[in-house]
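> In the numbering used here, the protein residues as written are 65 to 354.
Please note: incorrect hints may appear among the correct ones.
What the hints assert, rightly or not - Think about it this way: if two alpha-carbon atoms lie no more than 27 Å apart in a straight line, the pair counts; the simulated DSS-like pairs of lysine-lysine are:
id, residue 1, residue 2
1, LYS299, LYS338
2, LYS344, LYS251
3, LYS297, LYS275
4, LYS162, LYS128
5, LYS126, LYS162
6, LYS251, LYS128
7, LYS299, LYS314
8, LYS235, LYS275
9, LYS275, LYS238
10, LYS338, LYS297
11, LYS238, LYS128
12, LYS251, LYS162
13, LYS126, LYS251
14, LYS314, LYS238
15, LYS275, LYS338
16, LYS344, LYS238
To be verified - Derived CB-CB ranges, DEER-like:
id, residue 1, residue 2, range
17, ARG260, SER172, 19 to 25 Å
18, ALA194, ALA216, 32 to 38 Å
19, LYS162, VAL336, 21 to 27 Å
20, ILE192, GLY249, 24 to 30 Å
If you're looking for bench data, these hints aren't it; they were derived computationally from the structure. Predicted, not measured: the structure shown is a model, and the values here were computed from it. Yeah, the Cβ is synthetic: ideal placement off N, Cα and C, and Gly gets one too.
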Amino acid sequence: MRRLALLVLLLAPLGAIAADDPELAVLNQRLVALQADPLNADVAAYERLQAQQAVANFANAKRKERDEARYLAERRVEIAETMARAEIARRQVDQLEKTRSDLLIEASRREAARARQEAERLRVQAQIQAEEAESLRQAAEAEQAARADADAALASVAGQQTAKLSAAQQKSAKLAREEAELVAGTKLPASRFDTRGEVFTFSGAAFGAGKAALSGDATNQTKALSQYLQISKGKVRIEAYDSDAGVAQKRADALRAALVSGGVPANRVQAVGKKGPSTKARSAEVVIAP
């Protein structure tokens, strides 16, 4: 009750503005419902905070900035809702599995047959819960995909899906790329997914021949990539190429310095120079581990 009262106080100014703005009112209602649910008390806290900030920014946005602010607010609220539902479902499945394991241990001490029957019942219940969680995840993905189609002008090219990267991670990465490009005002480098994770490729034009300094276009791309890496939390490995190993390492270091300057924590980024030809299609790769 105290948490709900505090939430009402925080969102009260938004409610006054939302009275004249139906779109803002809907987002505000969804955010209040999400924050007020006691099941969400300790899940998706970061995403809920981002959603609250995005809705506030939308409420205070100037006329020429409202479309972008609305888009970001909708995405942030969607992400917060999806993450909260998925985390609650996961915790329920984990709790059921833990209870089942505890019962199996107890079965070895006392009534093995009765405990095995109870464990089987819980296994079936956990399976049903897992199937429900999967259905919920798929429904959330379908909703996000439908909205993404409506905003095709802002969509970036998604990388190839790999066996180790789930569809939910793919959708989350796509939303993060769109947001990073929107905030930075420039495009990210081309990307794909492989067994290493998500890979961004800088073309041969990113560096002059035999040089380690970033070109103007590459510098702009690192700005968008810095924004993206502040959303995506995986470890980052930079692999730069040149026939001269020393130049390759300097290129990797230059990319790392640009990302760190853009706000990426230095301890997340590893820079490695590799002796090998720098081609027109590739002079460096930035790999984000899954």
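> Compare the structure with each hint and give your call.
Verification of the hints:
{"no.": "1", "hint": "LYS299 / LYS338", "verdict": "holds, 19 Å"}
{"no.": "2", "hint": "LYS344 / LYS251", "verdict": "holds, 19 Å"}
{"no.": "3", "hint": "LYS297 / LYS275", "verdict": "violated, 30 Å"}
{"no.": "4", "hint": "LYS162 / LYS128", "verdict": "violated, 52 Å"}
{"no.": "5", "hint": "LYS126 / LYS162", "verdict": "violated, 51 Å"}
{"no.": "6", "hint": "LYS251 / LYS128", "verdict": "holds, 21 Å"}
{"no.": "7", "hint": "LYS299 / LYS314", "verdict": "holds, 20 Å"}
{"no.": "8", "hint": "LYS235 / LYS275", "verdict": "violated, 37 Å"}
{"no.": "9", "hint": "LYS275 / LYS238", "verdict": "violated, 32 Å"}
{"no.": "10", "hint": "LYS338 / LYS297", "verdict": "holds, 25 Å"}
{"no.": "11", "hint": "LYS238 / LYS128", "verdict": "holds, 25 Å"}
{"no.": "12", "hint": "LYS251 / LYS162", "verdict": "violated, 46 Å"}
{"no.": "13", "hint": "LYS126 / LYS251", "verdict": "holds, 24 Å"}
{"no.": "14", "hint": "LYS314 / LYS238", "verdict": "violated, 30 Å"}
{"no.": "15", "hint": "LYS275 / LYS338", "verdict": "holds, 15 Å"}
{"no.": "16", "hint": "LYS344 / LYS238", "verdict": "holds, 26 Å"}
{"no.": "17", "hint": "ARG260 / SER172: 19 to 25 Å", "verdict": "violated, 43 Å"}
{"no.": "18", "hint": "ALA194 / ALA216: 32 to 38 Å", "verdict": "holds, 34 Å"}
{"no.": "19", "hint": "LYS162 / VAL336: 21 to 27 Å", "verdict": "violated, 41 Å"}
{"no.": "20", "hint": "ILE192 / GLY249: 24 to 30 Å", "verdict": "violated, 47 Å"}
The structure fails hints 3, 4, 5, 8, 9, 12, 14, 17, 19, 20 (numbered hints given earlier, in ascending order).
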